[in-house]
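Those protein sequences? They're chains U and G, same order as listed.
Numbering-wise, the numbering used here puts 45 at position 45 of the first sequence, and it's gapless, one number per residue.
Numbering-wise, the numbering used here puts 347 at position 347 of the second sequence, and it's gapless, one number per residue.
Don't take each hint at face value.
[Claimed, not checked] Under the rule of at most 25 Å between Cα atoms (straight-line distance), these lysine-lysine pairs were calculated in the BS3-like manner:
#: 1; chain 1: U; residue 1: 81; chain 2: G; residue 2: 18
#: 2; chain 1: G; residue 1: 178; chain 2: G; residue 2: 155
#: 3; chain 1: G; residue 1: 172; chain 2: U; residue 2: 76
#: 4; chain 1: G; residue 1: 129; chain 2: G; residue 2: 155
#: 5; chain 1: G; residue 1: 237; chain 2: U; residue 2: 39
#: 6; chain 1: U; residue 1: 81; chain 2: G; residue 2: 237
#: 7; chain 1: U; residue 1: 39; chain 2: U; residue 2: 75
#: 8; chain 1: G; residue 1: 18; chain 2: G; residue 2: 178
#: 9; chain 1: U; residue 1: 75; chain 2: G; residue 2: 129
#: 10; chain 1: G; residue 1: 155; chain 2: G; residue 2: 172
#: 11; chain 1: G; residue 1: 47; chain 2: U; residue 2: 76
#: 12; chain 1: G; residue 1: 155; chain 2: U; residue 2: 75
#: 13; chain 1: G; residue 1: 248; chain 2: U; residue 2: 39
#: 14; chain 1: G; residue 1: 129; chain 2: U; residue 2: 39
#: 15; chain 1: G; residue 1: 47; chain 2: G; residue 2: 18
#: 16; chain 1: G; residue 1: 62; chain 2: G; residue 2: 47
#: 17; chain 1: U; residue 1: 81; chain 2: U; residue 2: 49
#: 18; chain 1: G; residue 1: 237; chain 2: G; residue 2: 18
#: 19; chain 1: U; residue 1: 39; chain 2: U; residue 2: 81
#: 20; chain 1: G; residue 1: 248; chain 2: U; residue 2: 75
#: 21; chain 1: U; residue 1: 76; chain 2: G; residue 2: 248
The hints are simulated quantities; they were obtained by calculation from the structure and are not laboratory data.
This one's a predicted model, so the numbers in the text were calculated from it and none came from an experiment.
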Amino acid sequence: MEFPRLLTLLLIVLEWTRPGLLSPLRPICDLRVLDHFIKEARDAEVAMKSCREGCSLSESVTVPQTRVDFDVWEKKIALEKAQEVQIGLWLLKQALSLLRTSVTNTALHGHIDSSIRNLLSISAVLRSLNIQEFTPPDSATGLEGTWTVSSSTDLLQVHVNFLRGKVRLLLLDAQACQQDVS
Amino acid sequence: MLLKDVPENPKCFAEERKDFTCFWEEDEERAGSVDQYSFTYTYQNEKSNRCPLRTLRAVGGKRLFVCHLNRTQMFVQMDIQVHREEMLIFNRSLLVELVFLLDPPANVTVSRPGQQGQLNVSWVPPPLKYMDDSMMYEVSYATADSHMWQVEVAKASSKMILRGLQSGTNYKVRVRVKLDGISYNGYWSAWSDPVYMETLPEELDLLIVSLTIIISLILVVLSLTLLLYHRRFLVKKIWPNIPTPDGKFQGLFSVYGGDFEEWLGQSNGGLRLITAVLSSEESPSSLEVLSEFSLLLSSPPLPPKASRALISGRENDRNGKKGMNGRQQLEKGDSAPTEGWRAPQHDQWLMGCLRALHQDSSQSSLLESQDAYVTLNANNYSNDDHLNDILEETSPLGVLFASRKTVSCESHSDLGSVQQSSGSGRLSSQSSFEYPNHAWVPKGPGYTYMAVADSGVSMDYSPMSRADDIGKMVIYANDYKNEIPAHRRPFLPRQRPVHEDDS
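Start from the sequences and build out the full structure, keeping to the hints where you can.
Structure below.
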């Protein structure tokens, strides 16, 4: 008679003390988070356009292609989409870090810093949606689906377009959010 | 066309997910053939492409040139160039996802919810994949016969509730759509066709009606309760009792119908009543002549000083205020010697005494004639000392106001000396005339007294007053500085005893 009670007690205690490290993140399906990042990226682009001095890239950088053809996009499988987005995010992080060191205009530093932070947040969002991460290659050059830009305005424009396009479409398609949305 | 608002040329817009249209217009006369124009577009980092043009005739003698693309790329910059015979006429860069022009929402339906002044509006958003949550709507409504449209905005939602509408009114509702501008952007769509719907007619809110009835009932009950509680008070106020003599005359009206004579004759009770009525007045008391002062002319004449003082005093009295503020008047006679000073005091006082009797200069004549005064004094003195003093005075002109209180008067027999007792109310005035001894027995307190002056021609009476009213006879007020008594009987001046010299 004592044994079932003890077992029950044991199970309850174990349930409470279940290790939480392996528990999955809560999926972030609200796209308003991404909209906020897009707005900040747009502000950075506008600020860069009005900059006259000390706001140029020191060297060319590789950035992801932003164009989206809906027919083509829909035919891609989820893995492909994820890969494109993850690599693109990685490339942008590299490029923006380089821009941060290149730009001497202190007014733009805040914009660039927030853009880098937002990219990291987007990576966290993708992680929460169980989107596969991709290890970046050793050399970024020669990757498919990339461009090379040499001006800071082009870089920030690519940054904005990438967030608005591929990243957003990927989040919309995320499987983890499909159950919530009817 | 809504795109007339767009300044750039050519005007371009994306319609569905892939359709893209650009156009521009030219005047018919200046337009060339369609072959002369070339439309070139180039995506970023890609090769350029040409778009086949077609032409349309428009109103107002215009010609439209249109380019249509079935497939577009979004989120990438597109450069457009239009050449006419190798000459560049238009150059424009845009992003396709930022120039959406959507169709108006379809299936706009308006329904009436249960509440008054509200309408439910719902519609079907344009069928654009990936863009449902990027759309914003404007719902415009107005009464059926007016053109004053009101606008409400809805974001990422395909229904809305309109509130604050008039009851029983026909409304028209229309909707338009636009992309919100964060990821996608564009122009406002055309308005949907208006839908008409009438709001619910006004009806009495059951809750309000019932509450009104309950509150009014409560108020009525409260007011009735108040009225009943204060019934008598209110009746007295509205219909006050008209006093009738019925109460005093028992049976006068009820039995004898108002015939007083009969009532008197018939009822002894009436007499009793009369006596009862009359008894409220003062019962007459017997008159007792206590003393009589007669003036003997054989006595030494009036000292010229005194007479002068008298005259001056009289004059003062006439000139100044009528003896009421005796202090000021007394001071006018400063020049007069002390005794003379006192004489006007006495004079004024006497005048004051007889003011009720005389209003003219006959007072002076009275004084000069040295009339006899009859004093009625019903007070009993307990102080024999004072009595002796009085006896010593033996003045023909003496008006004694007896009272219960002690008297401090002193004797002397000068005309000019007038002694008036203090606040006890006992005034004694004396003249300097010789006077045969007389006994003057004042009675006890509580009696009424009056001064009577008999000039041989007429008898004048001072007003009757009770003993305890002495202090209240203001008309004889003569303030005398040194002698004002402590208990403030204002009209009782007290004079220091004057030791006159018989001059």
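We went through each hint and held it up to the structure:
no.	hint	verdict
1	81(U) with 18(G)	holds (20 Å)
2	178(G) with 155(G)	holds (10 Å)
3	172(G) with 76(U)	violated (46 Å)
4	129(G) with 155(G)	holds (16 Å)
5	237(G) with 39(U)	violated (81 Å)
6	81(U) with 237(G)	violated (97 Å)
7	39(U) with 75(U)	violated (29 Å)
8	18(G) with 178(G)	holds (17 Å)
9	75(U) with 129(G)	holds (14 Å)
10	155(G) with 172(G)	holds (21 Å)
11	47(G) with 76(U)	holds (24 Å)
12	155(G) with 75(U)	violated (30 Å)
13	248(G) with 39(U)	violated (105 Å)
14	129(G) with 39(U)	holds (22 Å)
15	47(G) with 18(G)	holds (19 Å)
16	62(G) with 47(G)	violated (33 Å)
17	81(U) with 49(U)	violated (31 Å)
18	237(G) with 18(G)	violated (94 Å)
19	39(U) with 81(U)	holds (23 Å)
20	248(G) with 75(U)	violated (123 Å)
21	76(U) with 248(G)	violated (123 Å)
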